[in-house]
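The whole structure should be built from the sequences, with the hints applied where relevant.
2 protein chains.
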Amino acid sequence: MSILSKLSFKDQAFKLRETAILDATTAILASKGFDLMTMDDVAQEVGISKPSLYKHFKSKEDLVGAAMIRLIDGALDYLEAMPAGLSPIQQLKDLLAWALRIRLEGGMPFLPSTSTHVREMLTRNLKYVMRVLKLNSKMEVIVQQAQKQGQLNAALPVDVILFAYYARTCDPAVEYLQLYSKLDHETIVESMLEVCFSGLKNQA
Amino acid sequence: MSILSKLSFKDQAFKLRETAILDATTAILASKGFDLMTMDDVAQEVGISKPSLYKHFKSKEDLVGAAMIRLIDGALDYLEAMPAGLSPIQQLKDLLAWALRIRLEGGMPFLPSTSTHVREMLTRNLKYVMRVLKLNSKMEVIVQQAQKQGQLNAALPVDVILFAYYARTCDPAVEYLQLYSKLDHETIVESMLEVCFSGLKNQA
DNA sequence: GTCTATACTTAGATAGAC
DNA sequence: GTCTATCTAAGTATAGAC
Numbered sequence: 007m008s009i010l011s012k013l014s015f016k017d018q019a020f021k022l023r024e025t026a027i028l029d030a031t032t033a034i035l036a037s038k039g040f041d042l043m044t045m046d047d048v049a050q051e052v053g054i055s056k057p058s059l060y061k062h063f064k065s066k067e068d069l070v071g072a073a074m075i076r077l078i079d080g081a082l083d084y085l086e087a088m089p090a091g092l093s094p095i096q097q098l099k100d101l102l103a104w105a106l107r108i109r110l111e112g113g114m115p116f117l118p119s120t121s122t123h124v125r126e127m128l129t130r131n132l133k134y135v136m137r138v139l140k141l142n143s144k145m146e147v148i149v150q151q152a153q154k155q156g157q158l159n160a161a162l163p164v165d166v167i168l169f170a171y172y173a174r175t176c177d178p179a180v181e182y183l184q185l186y187s188k189l190d191h192e193t194i195v196e197s198m199l200e201v202c203f204s205g206l207k208n209q210a
Numbered sequence: 007m008s009i010l011s012k013l014s015f016k017d018q019a020f021k022l023r024e025t026a027i028l029d030a031t032t033a034i035l036a037s038k039g040f041d042l043m044t045m046d047d048v049a050q051e052v053g054i055s056k057p058s059l060y061k062h063f064k065s066k067e068d069l070v071g072a073a074m075i076r077l078i079d080g081a082l083d084y085l086e087a088m089p090a091g092l093s094p095i096q097q098l099k100d101l102l103a104w105a106l107r108i109r110l111e112g113g114m115p116f117l118p119s120t121s122t123h124v125r126e127m128l129t130r131n132l133k134y135v136m137r138v139l140k141l142n143s144k145m146e147v148i149v150q151q152a153q154k155q156g157q158l159n160a161a162l163p164v165d166v167i168l169f170a171y172y173a174r175t176c177d178p179a180v181e182y183l184q185l186y187s188k189l190d191h192e193t194i195v196e197s198m199l200e201v202c203f204s205g206l207k208n209q210a
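Chains as they are written, first to last, in this note's numbering: chain C, 7 to 210; chain U, 7 to 210.
Derived by calculation from the structure, the hints in this document are not laboratory data. Treat the hints with care, since some could be wrong.
For identical chains, the list gives no copy identity; a pair is met inside one copy or between any two copies.
What the hints assert, rightly or not - Think about it this way: if two alpha-carbon atoms lie no more than 35 angstroms apart in a straight line, the pair counts; the simulated DSBU-like pairs of lysine-lysine are:
no. : residue 1 : residue 2
1   : K38       : K133
2   : K61       : K99
3   : K207      : K188
4   : K188      : K99
5   : K188      : K140
6   : K144      : K21
7   : K188      : K133
8   : K154      : K188
9   : K207      : K133
Note that the structure is predicted; figures quoted are calculated from it, not measured.
Okay, here's the thing in structure tokens:
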């Protein structure tokens with residue numbers, strides 16, 4: 007019994023450290039991006055040595071893959087937790103607002119678009135790809151519902167809507183507005199939603 | 007006289023090679039991005055040695071800066087060459103379509119958004135910053151005209167419109183549509199314009 | 001499992017011959 | 001000005017002591 011509890015305690019500590027590593031990785035990825043993030047950065051941020059880091063994740067690709075999977079899971083959880091009866095378009099708006107708020111606080115979702123290198127790396131990560139496909143099928147359903155109910159433009163192919171939507175979660179305009187405009191976070195989120203769903207054109 | 011013409015001939019050859027270098031750089035940047043592009047890549051693509059490359063550009067930053075400046079100049083030229091009397095919103099649409107077509111053909115404009123690293127590097131390049139500011143002031147005028155004439159949403163801050171617009175020129179949705187959808191180039195361009203100006207929402 | 005110290009590789013930049 | 005050959009720094013990954 008004492009051995010068992012000791013083991014599970016060790017396991018718990020291991021899990022906790024793993025969470026700390028993924029937190030650090032996510033934050034560093036958000037600020038420096040994949041290529042500039044070094045394993046030294048991560049180890050130092052967590053307060054462990056590099057070899058210890060490699061005990062948890064066998065490579066940089068592995069580590070970043072795990073961080074990205076956690077983000078996708080976060081999105082899936084958010085979708086799951088949504089109040090029933092929310093209109094499809096409101097679901098899309100809420101999810102985008104959630105992602106943008108995380109980004110504005112330095113938590114970055116959705117790195118894959120930044121470079122072909124990173125994209126190919128993630129494409130080789132089977133577990134990651136499976137999560138993305140799962141999220142994507144859920145999103146596809148929501149978009150089709152929204153089109154059927156006349157909330158989204160039904161003339162646009164579903165692919166176009168989905169990719170345009172995903173691209174908004176990592177839109178560089180967010181960082182530029184944060185840097186060069188005096189708008190606060192919530193105003194930036196609202197503006198991005200407005201631009202995404204209503205476009206730049208005058209509606210009249 | 008013969009010396010002078012010989013010199014100017016040499017100068018011409020030098021300029022030609024410089025153009026070839028910038029072409030290669032632009033193409034490689036478009037496919038691999040800044041971090042993965044090596045000076046060896048560029049030298050090999052042009053068919054010269056690395057030290058020769060360094061005779062033209064004193065560093066990788068310098069080289070990429072020059073390539074980006076040429077792209078901005080292309081945009082400025084395109085604006086300049088526009089037929090007079092074109093409505094402001096049509097100018098914006100034409101310029102965006104022009105940029106997207108270049109991207110679809112592997113010519114990439116507007117790298118700066120890809121990472122903070124690249125952005126900071128370009129920010130240190132005075133010549134580049136000056137060109138960007140010049141382009142930006144022209145764009146600002148067009149956007150304000152469009153708002154005044156009721157073509158663009160006047161409720162949105164000019165900054166929001168400009169950054170959202172710039173972001174569309176390097177929208178990752180373009181690459182995803184190119185990769186995963188069966189849409190041809192022109193349909194992608196039209197879809198992106200539609201999404202940019204009218205948004206995803208149903209217009210009714 | 002954790003650390004110190006180190007091997008290996010890549011890529012930016014240059015010395016020196018021609 | 002161009003090349004071959006090389007320097008140097010950085011960063012991924014690991015060997016081996018504790």
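Structure-based check of all given hints:
no.: 1; hint: K38 <-> K133; result: both (24 angstroms within a copy, 25 angstroms between copies)
no.: 2; hint: K61 <-> K99; result: neither (40 angstroms within a copy, 52 angstroms between copies)
no.: 3; hint: K207 <-> K188; result: both (23 angstroms within a copy, 28 angstroms between copies)
no.: 4; hint: K188 <-> K99; result: both (23 angstroms within a copy, 27 angstroms between copies)
no.: 5; hint: K188 <-> K140; result: between (38 angstroms within a copy, 22 angstroms between copies)
no.: 6; hint: K144 <-> K21; result: within (29 angstroms within a copy, 54 angstroms between copies)
no.: 7; hint: K188 <-> K133; result: between (40 angstroms within a copy, 26 angstroms between copies)
no.: 8; hint: K154 <-> K188; result: between (39 angstroms within a copy, 23 angstroms between copies)
no.: 9; hint: K207 <-> K133; result: between (40 angstroms within a copy, 33 angstroms between copies)
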